[in-house]
Amino acid sequence: MHPPPLNRRDRLAEILERDGACCVWCGREVGTDLVRATTEHVVPRVKGGPSWLENEVAACARCNRHRGNRTPAEW
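Each residue of the sequence shown is one higher than the one before, counting from 130 in the working numbering.
The reader is advised that the hints may include incorrect statements.
FRET-style restraints, in silico, Cβ to Cβ [stated by the list, open to error]: (1) D139 / A190: 15 to 23 Å; (2) A202 / L163: 27 to 35 Å; (3) A202 / D162: 12 to 20 Å; (4) C155 / N198: 26 to 34 Å; (5) N136 / E203: 28 to 36 Å; (6) D139 / R174: 31 to 39 Å; (7) N198 / R140: 26 to 34 Å; (8) D148 / P173: 27 to 35 Å; (9) D162 / E203: 28 to 36 Å.
In silico DMTMM-like pairs for lysine to aspartate or glutamate, Cα to Cα no more than 25 Å straight-line [as the list claims (entries may be wrong)]: (10) K176 / D148; (11) K176 / E143; (12) K176 / E203.
For the record, the hints were derived by calculation from the structure and aren't laboratory data.
C-beta atoms are modelled at their ideal positions from N, C-alpha and C, and glycine is treated no differently.
Work the whole structure out from these sequences, hints included.
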């Protein structure tokens with residue numbers, strides 16, 4: 130059983146604490162004035178990925194946008 134969902138800001142904070150403040154795809158530091166931090170589903174929800182913290186990683190907005198709904202293998 131998974132804990133109750135967190136709001137978007139709290140989810141991002143927890144993921145950044147867990148994984149560090151770097152984009153999982155390009156390695157850029159996220160959460161700065163120049164690079165906006167986002168959360169991204171490793172397995173996209175439209176492809177059956179769960180909306181659990183275990184399926185989410187930190188990504189910069191640019192990589193999140195470019196990756197779209199592709200899986201890591203497709204990207």
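Hints, one by one, checked against the model:
Range check, D139 to A190: Cβ separation about 19 Å, and the 15 to 23 Å hint holds. Look at A202 against L163: about 30 Å separates their beta carbons, and that is inside 27 to 35 Å. Checked against the hint of 12 to 20 Å, the pair A202 and D162 fails, with Cβ atoms roughly 33 Å apart. The given range of 26 to 34 Å is broken by C155 and N198, whose C-beta atoms sit roughly 18 Å from each other.
For the pair N136 and E203, the supplied restraint of 28 to 36 Å holds, since their beta-carbon distance comes to about 30 Å. One distance hint, 31 to 39 Å for the beta-carbon pair D139 and R174, is violated here, with the actual separation near 19 Å. The beta-carbon spacing between N198 and R140, approximately 19 Å, falls outside the hinted interval of 26 to 34 Å. For D148 and P173, the hinted distance range of 27 to 35 Å is not satisfied, since their beta carbons lie about 18 Å from each other.
For D162 and E203, the Cβ-Cβ distance of about 32 Å falls inside the hinted range of 28 to 36 Å, so the restraint holds. Proposed proximity of K176 and D148 is supported: the alpha carbons are some 23 Å apart, at most 25 Å. Taking the CA atoms of K176 and E143, the gap is near 24 Å; set against the 25 Å cutoff, the hint holds. Taking the CA atoms of K176 and E203, the gap is about 12 Å. The hint holds against a cut of 25 Å.
When each numbered hint is compared with the structure, violations occur for hints 3, 4, 6, 7 and 8.
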